[in-house]
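Since the structure of chain A is provided, determine the placement of chain B on it from the hints.
Quick note, the sequences are listed as chains A and B, same order. Just add 4 to the spot in the first sequence (first one is 1) and you have my numbering. Just add 4 to the spot in the second sequence (first one is 1) and you have my numbering.
Rather than coming from a laboratory, the hints here were simulated on the basis of the structure. Do not take every clue at face value.
Said to hold, decoys possible - Distance ranges between label pairs, derived from CB positions:
#1 Pro138/A x Ala211/B: 31 to 39 Å
#2 Thr148/A x Ile126/B: 55 to 63 Å
#3 Pro138/A x Gln123/B: 48 to 56 Å
#4 Asp26/B x Ala213/A: 34 to 42 Å
#5 Ser69/B x Val209/A: 28 to 36 Å
#6 Ala154/B x Ala142/A: 49 to 57 Å
As the list claims (entries may be wrong) - Chain B side only, calculated, beta carbon under 10 Å to chain A, not exhaustive:
#7 Tyr25
#8 Glu36
#9 Pro83
As the list claims (entries may be wrong) - Stretch-level coverage of chain B by chain A, calculated; a stretch enters the list once three of its residues show a Cβ under 8 Å from a Cβ in chain A:
#10 113 to 125
#11 134 to 148
We put the beta carbon where it would ideally sit given N, CA and C, even for glycine.
Number of protein chains: 2
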Amino acid sequence: MSTAPSSPNTRVRRLAERAHYDAATVHAILDEAYVAHVGAIVDGLPVVLPYACARVGDELVLHGSTRAGILSAIASGTPVCATVTHLDGLVLARSAFHSSMNYRSVVLQGAARVVDDQQEKIRLLDALVDHLLPGRRAELRASTQGELDATQVVAIRIDAVSAKVRSGGPKDAPEDVRPDLWGGVIPLVCGFGEPQPDASTAGSVAAPALRGARR
Amino acid sequence: MSTAPSSPNTRVRRLAERAHYDAATVHAILDEAYVAHVGAIVDGLPVVLPYACARVGDELVLHGSTRAGILSAIASGTPVCATVTHLDGLVLARSAFHSSMNYRSVVLQGAARVVDDQQEKIRLLDALVDHLLPGRRAELRASTQGELDATQVVAIRIDAVSAKVRSGGPKDAPEDVRPDLWGGVIPLVCGFGEPQPDASTAGSVAAPALRGARR
Numbered sequence: 005m006s007t008a009p010s011s012p013n014t015r016v017r018r019l020a021e022r023a024h025y026d027a028a029t030v031h032a033i034l035d036e037a038y039v040a041h042v043g044a045i046v047d048g049l050p051v052v053l054p055y056a057c058a059r060v061g062d063e064l065v066l067h068g069s070t071r072a073g074i075l076s077a078i079a080s081g082t083p084v085c086a087t088v089t090h091l092d093g094l095v096l097a098r099s100a101f102h103s104s105m106n107y108r109s110v111v112l113q114g115a116a117r118v119v120d121d122q123q124e125k126i127r128l129l130d131a132l133v134d135h136l137l138p139g140r141r142a143e144l145r146a147s148t149q150g151e152l153d154a155t156q157v158v159a160i161r162i163d164a165v166s167a168k169v170r171s172g173g174p175k176d177a178p179e180d181v182r183p184d185l186w187g188g189v190i191p192l193v194c195g196f197g198e199p200q201p202d203a204s205t206a207g208s209v210a211a212p213a214l215r216g217a218r219r
Numbered sequence: 005m006s007t008a009p010s011s012p013n014t015r016v017r018r019l020a021e022r023a024h025y026d027a028a029t030v031h032a033i034l035d036e037a038y039v040a041h042v043g044a045i046v047d048g049l050p051v052v053l054p055y056a057c058a059r060v061g062d063e064l065v066l067h068g069s070t071r072a073g074i075l076s077a078i079a080s081g082t083p084v085c086a087t088v089t090h091l092d093g094l095v096l097a098r099s100a101f102h103s104s105m106n107y108r109s110v111v112l113q114g115a116a117r118v119v120d121d122q123q124e125k126i127r128l129l130d131a132l133v134d135h136l137l138p139g140r141r142a143e144l145r146a147s148t149q150g151e152l153d154a155t156q157v158v159a160i161r162i163d164a165v166s167a168k169v170r171s172g173g174p175k176d177a178p179e180d181v182r183p184d185l186w187g188g189v190i191p192l193v194c195g196f197g198e199p200q201p202d203a204s205t206a207g208s209v210a211a212p213a214l215r216g217a218r219r
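Chain A with its partners taken away, still in its complex shape (with noise of 0.2 Å):
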């Protein structure tokens, strides 16, 4: 992934300053995110799905069950769109046209091999659960071959790609401004809740450390 544009496609029109393109820049914004809307053309329309992802290297994954919706319909070569999109607060200027939010978000182009390789497929999946929570997957037993077979894994080379950032306060038009009308930034914030053990857990086993706990 260069830091330029490396595609027509990906290449943010609107507000270039907002534009990112490093690859570090790309990798905090897919991994900081649980799901991923995936576009794909399913009968000549657009789909778009949520599926849980996790970067692995240079590509991100999804996973689904093969009876399921469009990831039963990508076969290798399939051209889709994964966008992840975290939103940090709704900016509110003196006027409609100014009003904003503040976002980062990561527009991924590019075509999904599915993965069938046994040994891959398995390590990818363990990413996925690790993902949710690191070092979950060590305390999980083996999956099973017929659990295996009824995933499909599928993964987008992080190649044509572009970040969009929107952060600060709101750009009002100058002549706007009023000091008596509130400007400025509500942030949303996200983060865990308390954990809730379902009823097969005993009293005594303690709930999982929240590493890097969200914003």
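Structure of chain B alone, referenced to chain A:
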């Protein structure tokens, strides 16, 4: 919108017990969303971009610059898919296979209608601002003709739509449950942070009241 799948395209194919088609469920999920991930076919490829959204009656309203990526490619009748997802929790099961997430999502397919009528355009843009912060629109000046001309508003009828909801704890196979292994849900909670006034806001001006504070 009926309580049955209204289109073969939006029928939930996988885990149909998680599917909901009633208007109340669909509207509640849409009304909690600031952003929809909107997919369209551009130059033969799927493109998914995040857009601010607001439900107005039985339509989902989006807006953007007339120079923007996919809205500029949307003419009346263009098929689009707008998807909203709220992630509610990480579901930690005793196997990788049953690990999951709690979520509420809506998938809406339809034809984007470009809103050209000036009065309707103003009304829908007002709704978008008030969706960001209820009551905010009344505090702002009217939009100029130039601002209106630079903004494209589209509406998608909430018709071919489905919602999907997962809630509750892990659904482990009985033989996987071990009392010494924690299983349950780690809630993901999102809410408003402390409002951050910009430098132009007088210290005496109260921050906006955040009615209907988010989860």
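Results for each hint:
no. : hint                            : in the structure
1   : Pro138/A x Ala211/B: 31 to 39 Å : holds (36 Å)
2   : Thr148/A x Ile126/B: 55 to 63 Å : holds (59 Å)
3   : Pro138/A x Gln123/B: 48 to 56 Å : holds (53 Å)
4   : Asp26/B x Ala213/A: 34 to 42 Å  : holds (40 Å)
5   : Ser69/B x Val209/A: 28 to 36 Å  : violated (52 Å)
6   : Ala154/B x Ala142/A: 49 to 57 Å : holds (54 Å)
7   : Tyr25                           : violated (16 Å)
8   : Glu36                           : violated (12 Å)
9   : Pro83                           : holds (5 Å)
10  : 113 to 125                      : violated (count 1)
11  : 134 to 148                      : holds (count 9)
Checked against the numbered hints above, the structure breaks hints 5, 7, 8 and 10 and satisfies the rest.
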